[in-house]
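There are 2 protein chains.
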Amino acid sequence: MAERTAGIIVIGNEILSGKVTDENSPYLASELRRLGVALRRIVTIPDEVDLIAEETRVFHAAFDFVFTSGGVGPTHDDVTIEGIARGLGRKVIRHPEMEENIRRFLKDNVNAAHLKMAEVPEGAVLVHDAELGFPTILVENMYILPGIPEILRKKFEGLRARFATEPFHLRVIYTRWSESMIAESLNQTMVEFPELMLGSYPKIDNPEYRVKLTIESKDGDYVRRAFDRLLGLLPAEAVVRTE
Amino acid sequence: MAERTAGIIVIGNEILSGKVTDENSPYLASELRRLGVALRRIVTIPDEVDLIAEETRVFHAAFDFVFTSGGVGPTHDDVTIEGIARGLGRKVIRHPEMEENIRRFLKDNVNAAHLKMAEVPEGAVLVHDAELGFPTILVENMYILPGIPEILRKKFEGLRARFATEPFHLRVIYTRWSESMIAESLNQTMVEFPELMLGSYPKIDNPEYRVKLTIESKDGDYVRRAFDRLLGLLPAEAVVRTE
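Order-wise, the sequence lines are chains A and B.
Just so we're aligned: 168 in our numbering is position 168 of the first sequence, and the numbers increase by one with no gaps anywhere.
Just so we're aligned: 32 in our numbering is position 32 of the second sequence, and the numbers increase by one with no gaps anywhere.
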């Protein structure tokens, strides 16, 4: 079963300094999961060219799809394009089509800051979206997305069909017993189903359950068998309900 | 001006798969900022020993303080202690004091899963908190925190006095002009105040302003002068208000 992987690079001093809470990586994480893509890593770094270049090199080589968020505006602190270009060993060029769009739209009001928005890593492709007026910049496997959540979401909506793959299958067991009391059953299940993604998430102060167990795989039959086995290992009085 | 730096390693498949939104790194980001600590990097990785070991090596060497979140419970997917130990080239041992606490509390009900909670990287120190019943594990510069937000916050409250340093000074200018229209004033300010942290954050669909500018430094006088200079460069009609 081929698994497609993804990584997210969040670029922004405002996140690291606690001024803004990152909404983009949680959004992309749940969208990618729904599409069957395995998100393997999220990193948040400052608006600094060298750091962006370094992460670009690592993520570009490690994952099928890479998404960057932030640092693509017209001001001095928008250095994502330069960082990605440097990470891929490419020059920054002004994209003729983007420049033309900007000039057509703004006519005589065009300034240097506007034209900075036409810059891309050399060899980048523009992915057009019928819905949205402006394209997404794609260079190799890297989708360069803006930091503003409303725009990032609209852009991703236009791209999502590209990423669809086999879905993950998921079953859930809620227990009224604590993790320490069910740990042995979980260990036994992992011995018998070594490929399983088995998550154990305690919840404090929840009146209904103490632990949420998630049983996952891309193989639906494997999930069914592992779910049945784990449910059989747990004493009936330990289980609140299943999903 | 000495600056203290920090990094956060978030460990958890549940975050990468979009099941849970990470509340811990936004909380730590804003707390660290308030304390004057420069958070330089956040990474979110799966519950896998090798990946945790790799990030441990990088973060341990790069930052003054490292915080990990998640992966410290009693079940099969809790491998943070092992990952950190491996990253630091240490063994995992059972800490006598933690074992004693667990045995005293649970008496004859103690099982292997409970005792897993007494494991620490060799040489780890227990940081006690009068408020909270159980200590935080500290090994070298790494504070090992749990993934459950309520507990992480309580633990951090008990630790925060350790991190206090000179605060950041911050002024804010809100503009009704777009980023493209003010970019030149920002560039000029950065030429004259190269050490300044100058952030430019556009907001869409906001009735009051279009861009929030943040002017920051650990040097209060530098911030005052840069703020005055930038305010002088911007046309009066571009400015909504300042903070």
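Honestly, the hints are just simulated from the structure, not real lab data.
On a predicted model such as this, the values are computed, not experimentally measured, just so you know.
Some hints could be false.
The list cannot tell twin chains apart, which means a pair is met if one copy fits it or any two copies do.
Below, computed lysine-lysine pairings styled on DSS-like, alpha-carbon distance capped at 27 Å [stated by the list, open to error]:
{"#": "1", "residue 1": "Lys218", "residue 2": "Lys91"}
{"#": "2", "residue 1": "Lys154", "residue 2": "Lys212"}
{"#": "3", "residue 1": "Lys19", "residue 2": "Lys154"}
{"#": "4", "residue 1": "Lys91", "residue 2": "Lys19"}
{"#": "5", "residue 1": "Lys203", "residue 2": "Lys154"}
{"#": "6", "residue 1": "Lys212", "residue 2": "Lys91"}
{"#": "7", "residue 1": "Lys19", "residue 2": "Lys218"}
{"#": "8", "residue 1": "Lys203", "residue 2": "Lys91"}
Hint check results:
For the identical chains of this complex, Lys218 and Lys91 are neighbours neither inside a copy (40 Å) nor across copies (35 Å), given an alpha-carbon limit of 27 Å. In this assembly of identical chains, Lys154 and Lys212 lie within 27 Å of each other by CA distance solely across copies; the values are 23 Å between and 33 Å within a copy. With identical chains, the CA atoms of Lys19 and Lys154 are at most 27 Å apart both within one copy (23 Å) and between copies (22 Å). Proximity of Lys91 and Lys19 under a CA criterion of 27 Å is satisfied in neither setting, with 32 Å inside one chain copy and 39 Å between copies.
When the C-alpha separation of Lys203 and Lys154 is checked against a cutoff of 27 Å, the pair qualifies only between copies, where the shortest distance is 16 Å, while the shortest distance within a copy is 34 Å. With identical chains, the CA atoms of Lys212 and Lys91 are never at most 27 Å apart, being 49 Å at best within one copy and 31 Å at best between copies. In this homomeric assembly, Lys19 and Lys218 come within 27 Å of each other (Cα to Cα) only across copies, at 16 Å, whereas the closest approach inside a single copy is 38 Å. In this homomeric assembly, Lys203 and Lys91 never come within 27 Å of each other (Cα to Cα): the closest approach is 50 Å inside a single copy and 30 Å across copies.
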